[in-house]
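There are 4 protein chains.
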Amino acid sequence: MTTTREMLDASPTAVPFGVAEVAAAVDACLDCAQACVSDVDADLAEPDVAEMRTCIALCLNCADVCDVTARLLSRPAQCDRFAVDHLLRACVRICTTCAEECARHADHHPHCAVCEKTCRACIQACSALLDAEALEELQKLGGA
Amino acid sequence: MTTTREMLDASPTAVPFGVAEVAAAVDACLDCAQACVSDVDADLAEPDVAEMRTCIALCLNCADVCDVTARLLSRPAQCDRFAVDHLLRACVRICTTCAEECARHADHHPHCAVCEKTCRACIQACSALLDAEALEELQKLGGA
Amino acid sequence: MTTTREMLDASPTAVPFGVAEVAAAVDACLDCAQACVSDVDADLAEPDVAEMRTCIALCLNCADVCDVTARLLSRPAQCDRFAVDHLLRACVRICTTCAEECARHADHHPHCAVCEKTCRACIQACSALLDAEALEELQKLGGA
Amino acid sequence: MTTTREMLDASPTAVPFGVAEVAAAVDACLDCAQACVSDVDADLAEPDVAEMRTCIALCLNCADVCDVTARLLSRPAQCDRFAVDHLLRACVRICTTCAEECARHADHHPHCAVCEKTCRACIQACSALLDAEALEELQKLGGA
Chain S
1 MTTTREMLDA
11 SPTAVPFGVA
21 EVAAAVDACL
31 DCAQACVSDV
41 DADLAEPDVA
51 EMRTCIALCL
61 NCADVCDVTA
71 RLLSRPAQCD
81 RFAVDHLLRA
91 CVRICTTCAE
101 ECARHADHHP
111 HCAVCEKTCR
121 ACIQACSALL
131 DAEALEELQK
141 LGGA
Chain L
1 MTTTREMLDA
11 SPTAVPFGVA
21 EVAAAVDACL
31 DCAQACVSDV
41 DADLAEPDVA
51 EMRTCIALCL
61 NCADVCDVTA
71 RLLSRPAQCD
81 RFAVDHLLRA
91 CVRICTTCAE
101 ECARHADHHP
111 HCAVCEKTCR
121 ACIQACSALL
131 DAEALEELQK
141 LGGA
Chain A
1 MTTTREMLDA
11 SPTAVPFGVA
21 EVAAAVDACL
31 DCAQACVSDV
41 DADLAEPDVA
51 EMRTCIALCL
61 NCADVCDVTA
71 RLLSRPAQCD
81 RFAVDHLLRA
91 CVRICTTCAE
101 ECARHADHHP
111 HCAVCEKTCR
121 ACIQACSALL
131 DAEALEELQK
141 LGGA
Chain B
1 MTTTREMLDA
11 SPTAVPFGVA
21 EVAAAVDACL
31 DCAQACVSDV
41 DADLAEPDVA
51 EMRTCIALCL
61 NCADVCDVTA
71 RLLSRPAQCD
81 RFAVDHLLRA
91 CVRICTTCAE
101 ECARHADHHP
111 HCAVCEKTCR
121 ACIQACSALL
131 DAEALEELQK
141 LGGA
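If you read the sequences in order, they're chains S, L, A and B.
Going by the working numbering, the first sequence opens with residue 1, and the numbers climb by one from there.
Going by the working numbering, the second sequence opens with residue 1, and the numbers climb by one from there.
Going by the working numbering, the third sequence opens with residue 1, and the numbers climb by one from there.
Going by the working numbering, the fourth sequence opens with residue 1, and the numbers climb by one from there.
Hints in this document: simulated from the structure, not taken from any laboratory.
Note that the structure is predicted; figures quoted are calculated from it, not measured.
Here a beta-carbon is modelled for each residue, glycine too, at the ideal position from N, C-alpha and C.
Honestly, I wouldn't trust all of these hints.
What the hints assert, rightly or not - Just so you have them, the derived chain S footprint on chain L, three or more residues with Cβ under 8 Å:
1. 8-18
2. 34-47
3. 50-64
What the hints assert, rightly or not - The following label-pair restraints were derived from C-beta to C-beta distances:
4. 132/A to 103/L: 48 to 58 Å
5. 141/S to 135/L: 44 to 54 Å
6. 133/S to 14/L: 30 to 40 Å
7. 141/B to 124/S: 51 to 61 Å
8. 104/L to 133/S: 26 to 36 Å
9. 1/A to 50/B: 50 to 60 Å
10. 103/L to 133/B: 35 to 45 Å
11. 135/S to 82/A: 17 to 27 Å
12. 124/B to 141/S: 54 to 64 Å
13. 82/S to 47/A: 22 to 32 Å
14. 133/L to 140/A: 54 to 64 Å
15. 134/A to 13/S: 41 to 51 Å
Unchecked claim - Pairs of lysine to aspartate or glutamate, EDC-like flavour, derived with a Cα cap of 20 Å:
16. 140/S to 51/S
17. 117/B to 6/L
18. 117/L to 100/L
19. 140/S to 46/A
20. 117/A to 85/S
21. 117/S to 107/A
22. 117/L to 9/B
23. 140/L to 100/L
24. 140/A to 9/S
25. 117/A to 107/A
26. 140/B to 85/B
27. 117/B to 100/L
28. 117/L to 133/L
29. 117/L to 6/B
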């Protein structure tokens, strides 16, 4: 069990989207942010840095958006579903673009291969929250 | 002229949405993030801290979202319009909720009055970018 | 093996202090930052929020300093030992103060108990880097 | 008068180091962080990106350390002088290295010239706080 899961389990309020799902998304976002920060550092030290400039730029945005998404999801008591929804969509988009660019360098730069993997895990975890939200909306409509 | 404007003027690439508009939004986001960070600190030191808990929670999210919006807007060369659009919408929403809560305390807590003012300035600057984007979309449709 | 460890193993440059030690410190910092962010959210939702104000304030600083320490340690290629040393000292100090305050609430607030535990793990991991650095300095002096 | 100054003036507690000095340091840190974020983006878009890799790496660390220094200085009520002192020293060091590297590119990259200027302003504002602190220590010793 991760720290995130322990912290959310100990929250005095309900956790929107579900504890397991949010904990998974927070951990995936933090993992992805870390990988992107390290990938930029590694890319800058490679001989083919000129070919890595798009990868670097995408990783920079990805790290920052994942970090803030993890922060907001770590605060269930004052969750703003509308804002979190927009952050999740931004996060999934940026992780997707970043994963695709990392994939282009994955065979010659092992750090890009790891970064791609964590971006894809983050896409999956954040998409699961968006799906849960869509299902909830649907159920509300069905119940009306 | 602010540093942000000087930096964006010196960018080797075009600045989506326009330099003046983006510089204004970055500066408004940074101002708002600073005000929210200080407002939390001030709220925690007030005798009526129990009444300030919503204000504190909203300011925390507002500071983080404004910070990341400022960072992404400060990177025009690798701008992802889709992601920036979602961040701007999250930012306008969170600033609006935060401004409304600060307004409830503005008469007895001067720090909340200042924070409300900077939230409202941030809403205006970010909304201007969203309006510019909507107009651009409309013109594309009109030109088709 | 964590993502952090995989990323640092894949770094094209040497990792100052050692890969295992830095990966452990980065993961401990990220864990601690997450716990502090969630602990603030939980504290704000507790009936005794007025008694939690010091805890909240300390967690806020702790989250931010842990986040930046994790970021700098995640960039081994351009490591500034002098700056990292100061960040580690700030981090150990803030985690210590935060752990002590969380300990005061650990019996009635499980989230504070988890937060205390992650602060202590972070102190240990960051102190290990400071110890490794001190040993290195000593060996340099001995070899002179 | 900046927002930072207004917020600190409205703080219910005393501001260690003095309001004017801290407000100046916060604003200089936020300015410098913004300039560094934009400078990285601009460097990555330059034809001589391979020559800019050190500049990019230094700006990344500088932005993150300035951001966290601004956050901690924006929270006077729960100020930890020991931690803030270490952050200020890390900040002055990183800004100095960053300014020196930007200076090497300032004649052919106007964005590096602006970035160097804001780094130097940040060094000055943070050093003023360290000087004020040293003077305070001296006065304590003199009074004993």
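Cross-check of the supplied hints:
{"no.": "1", "hint": "8-18", "in the structure": "violated (count 0)"}
{"no.": "2", "hint": "34-47", "in the structure": "violated (count 0)"}
{"no.": "3", "hint": "50-64", "in the structure": "holds (count 6)"}
{"no.": "4", "hint": "132/A to 103/L: 48 to 58 Å", "in the structure": "holds (52 Å)"}
{"no.": "5", "hint": "141/S to 135/L: 44 to 54 Å", "in the structure": "violated (33 Å)"}
{"no.": "6", "hint": "133/S to 14/L: 30 to 40 Å", "in the structure": "holds (36 Å)"}
{"no.": "7", "hint": "141/B to 124/S: 51 to 61 Å", "in the structure": "holds (60 Å)"}
{"no.": "8", "hint": "104/L to 133/S: 26 to 36 Å", "in the structure": "holds (29 Å)"}
{"no.": "9", "hint": "1/A to 50/B: 50 to 60 Å", "in the structure": "violated (32 Å)"}
{"no.": "10", "hint": "103/L to 133/B: 35 to 45 Å", "in the structure": "holds (37 Å)"}
{"no.": "11", "hint": "135/S to 82/A: 17 to 27 Å", "in the structure": "violated (52 Å)"}
{"no.": "12", "hint": "124/B to 141/S: 54 to 64 Å", "in the structure": "holds (60 Å)"}
{"no.": "13", "hint": "82/S to 47/A: 22 to 32 Å", "in the structure": "holds (28 Å)"}
{"no.": "14", "hint": "133/L to 140/A: 54 to 64 Å", "in the structure": "holds (57 Å)"}
{"no.": "15", "hint": "134/A to 13/S: 41 to 51 Å", "in the structure": "holds (44 Å)"}
{"no.": "16", "hint": "140/S to 51/S", "in the structure": "violated (49 Å)"}
{"no.": "17", "hint": "117/B to 6/L", "in the structure": "holds (11 Å)"}
{"no.": "18", "hint": "117/L to 100/L", "in the structure": "holds (10 Å)"}
{"no.": "19", "hint": "140/S to 46/A", "in the structure": "violated (30 Å)"}
{"no.": "20", "hint": "117/A to 85/S", "in the structure": "violated (31 Å)"}
{"no.": "21", "hint": "117/S to 107/A", "in the structure": "violated (40 Å)"}
{"no.": "22", "hint": "117/L to 9/B", "in the structure": "holds (15 Å)"}
{"no.": "23", "hint": "140/L to 100/L", "in the structure": "violated (36 Å)"}
{"no.": "24", "hint": "140/A to 9/S", "in the structure": "violated (48 Å)"}
{"no.": "25", "hint": "117/A to 107/A", "in the structure": "holds (13 Å)"}
{"no.": "26", "hint": "140/B to 85/B", "in the structure": "holds (17 Å)"}
{"no.": "27", "hint": "117/B to 100/L", "in the structure": "violated (38 Å)"}
{"no.": "28", "hint": "117/L to 133/L", "in the structure": "violated (25 Å)"}
{"no.": "29", "hint": "117/L to 6/B", "in the structure": "holds (11 Å)"}
Against the hints set out earlier in the document, violations occur for numbers 1, 2, 5, 9, 11, 16, 19, 20, 21, 23, 24, 27, 28.
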